[in-house]
Amino acid sequence: MDFWSKEPPLPPSRGPISTAIAEYLRSTGPPPDDGTIADASPFGEDWQLGLYLCYELHYRGLAGVDAAREWDPDLLKARAALERPFLKALRHQATRHERAAEALDDLLVEPVDGIGVTHYLQDDGELWQLREYAAQRSLYHLKEADPHAWVLPRLWGRAKAGMAAVEFDEFGGGRADRVHARLFADLMTDLGLDATYGHYLDSAGAEALAVVNL
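Numbered by the working numbering, the letters in the sequence shown go through residues 1 to 214 in order.
No lab work stands behind these hints, which were simulated from the structure alone.
Incorrect hints may appear among the rest.
Stated by the list, open to error - Straight-line distance between alpha carbons at most 20 Å, and here's what the computed EDC-like set of lysine to aspartate or glutamate pairs gives:
{"no.": "1", "residue 1": "143", "residue 2": "169"}
{"no.": "2", "residue 1": "143", "residue 2": "170"}
{"no.": "3", "residue 1": "143", "residue 2": "202"}
{"no.": "4", "residue 1": "77", "residue 2": "66"}
{"no.": "5", "residue 1": "143", "residue 2": "190"}
{"no.": "6", "residue 1": "143", "residue 2": "177"}
{"no.": "7", "residue 1": "143", "residue 2": "186"}
{"no.": "8", "residue 1": "6", "residue 2": "146"}
{"no.": "9", "residue 1": "143", "residue 2": "132"}
{"no.": "10", "residue 1": "6", "residue 2": "177"}
{"no.": "11", "residue 1": "6", "residue 2": "66"}
{"no.": "12", "residue 1": "160", "residue 2": "146"}
{"no.": "13", "residue 1": "88", "residue 2": "34"}
{"no.": "14", "residue 1": "6", "residue 2": "194"}
{"no.": "15", "residue 1": "77", "residue 2": "33"}
{"no.": "16", "residue 1": "143", "residue 2": "194"}
{"no.": "17", "residue 1": "88", "residue 2": "167"}
{"no.": "18", "residue 1": "6", "residue 2": "70"}
{"no.": "19", "residue 1": "143", "residue 2": "167"}
{"no.": "20", "residue 1": "77", "residue 2": "39"}
{"no.": "21", "residue 1": "6", "residue 2": "186"}
{"no.": "22", "residue 1": "143", "residue 2": "207"}
{"no.": "23", "residue 1": "6", "residue 2": "202"}
{"no.": "24", "residue 1": "143", "residue 2": "7"}
What the hints assert, rightly or not - Here are the simulated distance ranges between beta carbons:
{"no.": "25", "residue 1": "172", "residue 2": "116", "range": "23 to 29 Å"}
{"no.": "26", "residue 1": "38", "residue 2": "172", "range": "17 to 23 Å"}
{"no.": "27", "residue 1": "76", "residue 2": "43", "range": "20 to 26 Å"}
{"no.": "28", "residue 1": "101", "residue 2": "27", "range": "48 to 54 Å"}
{"no.": "29", "residue 1": "95", "residue 2": "148", "range": "21 to 27 Å"}
{"no.": "30", "residue 1": "189", "residue 2": "117", "range": "19 to 25 Å"}
{"no.": "31", "residue 1": "148", "residue 2": "94", "range": "18 to 24 Å"}
{"no.": "32", "residue 1": "27", "residue 2": "122", "range": "43 to 49 Å"}
{"no.": "33", "residue 1": "132", "residue 2": "153", "range": "35 to 41 Å"}
{"no.": "34", "residue 1": "95", "residue 2": "70", "range": "32 to 38 Å"}
{"no.": "35", "residue 1": "149", "residue 2": "66", "range": "21 to 27 Å"}
{"no.": "36", "residue 1": "12", "residue 2": "132", "range": "15 to 21 Å"}
A virtual CB, placed ideally from N, CA and C, is assigned to each residue, including glycine.
The task is simple: from the sequences and hints, build the whole structure.
What follows is the structure, given as structure tokens:
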């Protein structure tokens, strides 16, 4: 298997939610009920893995899972039950702004003394830490820009034209070797990592899963 391979296998479950979803995808059990979901944390690994599995059906799919599950009404109902509390928890923790421009101002300025992960890796990080970070981020970057494509039908005018231009660049500007996900796969290979799509799902933490689920 390589970067272009399809349908990663179902990973080991991490709790009752992801177990129920995996069993439902295999047609061996029902989806998680409201009680099971209510007892879990929206930011926990079990919750995030369950939501990730639901979303992955809209991308490459999962090995051994019927493609028709993508629009299965019961699975969509369970997914919505996971989405609502997750979104509520995100909004509760997010900084609030009166205007969109204020939020963008903060995001568009690179701090001189950055304290984020990338600044640490650049200045003080070791190779093993960079490899670990790349493995965790691969869940998103090996499908980079695919999630963004879902927004195009919901835009119009200048917003749609601008977004389409960004996507064109993300997808390599017509060059398969320049697709951004392909470039990240090349980075992983250079770091001695396995660039197979979904390979590091088993070891991904809740934070890495949540970034993809956003």
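With a cut-off of 20 Å on the C-alpha distance, tell me whether residue 6 and residue 177 pass.
Between residue 6 and residue 177 the Cα gap is close to 18 Å, so the pair holds against 20 Å.
Need the status of pair residue 77, residue 33: alpha-carbon distance at most 20 Å?
Roughly 10 Å between the alpha carbons, so the hint for residue 77 and residue 33 holds.
Between residue 143 and residue 132, does the CA-CA distance stay at or below 20 Å?
Roughly 18 Å separates the two Cα atoms, so the pair holds.
Agreement of residue 143 and residue 190 with the hint, judged by alpha carbon distance not exceeding 20 Å:
19 Å, holds
When you check the alpha-carbon spacing of residue 6 and residue 70, does it fall within 20 Å?
15 Å, holds
Holds or violated: residue 143 and residue 169, Cα atoms, limit 20 Å.
14 Å, holds
Residue 189 versus residue 117 beta-carbon gap, inside 19 to 25 Å or not:
21 Å, holds
So if I understand the rule, the pair passes when the alpha-carbon distance is 20 Å or less; does residue 77 with residue 39 pass?
17 Å, holds
Restraint check for residue 143 with residue 202, where alpha carbons must lie at most 20 Å apart:
Holds, because 17 Å separates the two Cα atoms, which is no more than 20 Å.
Between residue 143 and residue 177, does the CA-CA distance stay at or below 20 Å?
Holds - the C-alpha atoms of residue 177 and residue 143 are around 15 Å apart, at most 20 Å.
Hinted pair, alpha-carbon criterion (20 Å max): residue 6, residue 146. Please report holds or violated.
14 Å, holds
Keeping to a limit of 20 Å between CA atoms, is the pair of residue 143 and residue 7 held or broken?
Status holds; Cα separation ~13 Å.
Violated hints, listed in ascending order, are 17 and 26; each of the other numbered hints is respected by the structure.
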